[in-house]
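All chains, full assembly: derive it from the sequences and hints.
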Amino acid sequence: MPATLTREQHLELYYFMRLNRELEEQMVRLFRQNKIVGGLYSSLGQEAISVGTAYALGPGDWIAPMIRNIGALLVRGYKPRDIMTQHMARYTSPTLGKDGTSHFGDLKSRHVISPISMLGDLIPVMTGIAMAGRYLGQKIVTMTWIGDGGTSTGVFHEGLNLAAVQKAPLVLIVENNQWAYSTPVGKQAALSDLADRAKAYGVRSAIVDGNDVVAVERTTREAVDDARAGNGPVLIEAKTMRMRGHAQHDSAEYVPKKLFEEWKERDPLDRYEKFLSANKLWDSKTKKEIDCRIGREIQADVELAENSPFPPPELAAEGVYCEGCHVIEADWQRPKEEVMPPRSSVKAEWPANSYSANGARPPAEKQAAPKEKSGKKPARAPVRAKAGR
Amino acid sequence: MPETTYLEAIRQAMLEEMDRDPAVVLIGEDVGVYGGAFKASEGLLARFGWERVIDTPISESAIVGAAIGMSYAGLRPVAEMQFIDFIACCFNQITNFAAKSHYRWGAPVPLVLRGPCGGGVHGGPFHSANPEMYFVHTPGLKVVCPATPRDAKGLLKSAIRDNNPVLFFEHKFLYRRIKEDIPSDDFTVPLGKAAVRREGRDLTIVSYAAMLHAALEAAADLAKEGIDAEVIDLRTLLPLDRETILASVRKTNKLLVVHEDTRTGGIGGEIAAMVTESAFDDLDGPIRRVTSLDTPTPYAPVLEEYFMPNTGKIVAAARELAQY
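Protein chains in written order, with my numbering: chain A, 1 to 389; chain B, 1 to 324.
Honestly, the hints are just simulated from the structure, not real lab data. The reader is advised that the hints may include incorrect statements.
Example chain B residues on the side facing chain A (calculated, C-beta under 8 Å, incomplete) [what the hints assert, rightly or not]:
#: 1; residue: A23
#: 2; residue: E51
#: 3; residue: P110
#: 4; residue: H137
#: 5; residue: A195
List time: in silico DSS-like cross-link candidates among lysine-lysine, alpha-carbon distance up to 27 Å [stated by the list, open to error]:
#: 6; chain 1: B; residue 1: K179; chain 2: B; residue 2: K224
#: 7; chain 1: B; residue 1: K224; chain 2: B; residue 2: K251
#: 8; chain 1: A; residue 1: K274; chain 2: A; residue 2: K239
#: 9; chain 1: B; residue 1: K251; chain 2: B; residue 2: K313
#: 10; chain 1: B; residue 1: K39; chain 2: A; residue 2: K347
#: 11; chain 1: B; residue 1: K157; chain 2: A; residue 2: K336
All C-beta atoms in this analysis are idealised placements derived from N, C-alpha and C, irrespective of residue type, glycine included.
This is the structure we're talking about:
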């Protein structure tokens, strides 16, 4: 039985979802005023996924958001000013104007990995962080998101498969908003449920109503707990609908109007407000307080962003290499001696059980081949030489 | 350490760095139990265990992606491409993820991606690549091409300790063909510094990796004809040691660039442009190149020999340049 959220936590979920929506509405206004330098991608109608999934993580966990996951960045502690200055290419932005949209991160405190525009590449990257975390003795989980279209990339499959064989503590959120730019999900995959992609890799999966933040949070929390317990990666398909075009320039006329009408009825914020009222978790006064606070925060940050300078031109030439400007050190949560010779010495042989399905390597001390009572040598499959391919 | 092969020098570099720093891990296809397709990681699994020597599925993008993730977590992963030709499969992870990371958002990626490159071993179109220039064209990467066992060891150690993504191209022709006495202490060779392998007055031959040895043979042959060639080993292609090249050209006034990489877009063109920009008045002749043909690497020995540079082709070009 999963722990139920407290009233404060329920209100916090509302705060982040509402902040997500109001911030994006503000950025649409900035876009129309030509103050957004590049593209602006909307997560209208998908706020419950970004917020609900990120909310299920602990502070030491790692995330890598995609372009429609501003809500996750807010949960992770970023402020509207960070997101606005980033879109407006200001010197005060997290990347000093070197990159736009949600392409920023923080290795040291917030544990946020900046995405790249190519889809799928974050999956092996977050698998690598999950593997490193386990190696370092941390009890972390890593999370990233991908759209329905992104599940068609080769690296989605490479990454999920690596996570599976490594039993990496990765939670992958497939945000099925039914549209990859103008292409409907039926042209991405011949599957009713994208969650079925996980089956091919022996990865556990769940399907959740992506417009129900309570369900999203609960399902994700279970997956996070499971991954943290060492049971390997989990894929969650959150079904939702992209309520705007691919980006601001796209009026999405290729989407049947009826779809928009149907999904407007399932708006995640409307539904959550009704949930909070029905469960007597708030009243109109509380709602007004939160909404006013959000309005003030956004207004203050708009002013800050608009008054921020653009970067000095010569910054373009700086920072290609790290020449001692960063100290690289791992956060060891286990004695380093455990991974240093000679204690870690092992026999360089595959144990017989490594041929079985999902035969992830046991830790070093359990690596010895199983002993048989009869004294017969255990069967061991030969390791074949491979010169190339 | 007497008579160490190029391959053993690479193995030693990884072993010693893994001994020195528990943040160093090895990841790749068949690197563990099998010890790598060329045995570059032989014995490392037994010494360091399953957590530090990681056999992966055949998924080059996932290997490099996971290594990037590990480096974000503070590790210093060494990822192996079984043959460097397969680096094409993970081009995006290298050029868009790793290379741009520090510039875009200040996140260093201290990873080494290493593997066997190069021809002359009848590997055919998919086991002979010299892909260095795809990556020399990518700001944010470092590209290293050692020619000797001592350099292979010292440069690989520097690469592992570097805070940036370093592509380390090991020429497989050299793996077991060259041996050298190398120091037994914990030495490194700095990235970004070329070496003058032979001093001379009449012309400069710039080369790297396996072709360095052909260039040195050519210089010895040229000496018999009274042509005194200086031979420079680039060692690192990115960043390029412009000063060593320019200093030599200012002395000899003639430049020949030799590389096994194909001609168009090879480092020779970049060096020629750089020298004409910075030392045009010092040149007493046209900058010449001896390179592979602009074709894929062919399989049949007679075709491959025709395709690649060799000592004779270098001597002929150098002789012509010296007489210019």
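Hint by hint, here is what the structure shows:
Interface restraint check: A23(B) against chain A, minimum CB-CB distance 5 Å, threshold 8 Å, status holds. Checking E51(B) against chain A by beta carbon gives a least distance of about 5 Å; that is within 8 Å, so the hint holds. Using the Cβ-Cβ criterion of 8 Å, the hint placing P110(B) at the interface with chain A is satisfied: the shortest such distance is roughly 5 Å. For H137(B), the interface hint is violated, the least distance from its beta-carbon to any beta-carbon of chain A being 13 Å, above 8 Å.
At its closest, the beta carbon of A195(B) sits 22 Å from a beta carbon of chain A; the interface hint therefore is violated under the 8 Å criterion. A C-alpha spacing of about 26 Å is found between K179(B) and K224(B), which places the hinted pair at or below 27 Å, so the restraint holds. For the hint linking K224(B) to K251(B), the alpha-carbon distance of about 21 Å falls within 27 Å, and the restraint holds. Restraint check: the Cα-Cα separation between K274(A) and K239(A) comes to about 20 Å, which is no more than 27 Å; the hinted pair holds.
Only pairs whose Cα atoms come within 27 Å are accepted, and K251(B) paired with K313(B) is accepted, the gap being roughly 24 Å. Straight-line distance between C-alpha atoms of K39(B) and K347(A) comes to about 16 Å, which keeps the hinted pair within the 27 Å bound. For the given pair, K157(B) sits about 21 Å from K336(A) by alpha-carbon distance, which is consistent with the 27 Å threshold.
Checked against the numbered hints listed earlier, the structure breaks hints 4, 5; every other hint is satisfied.
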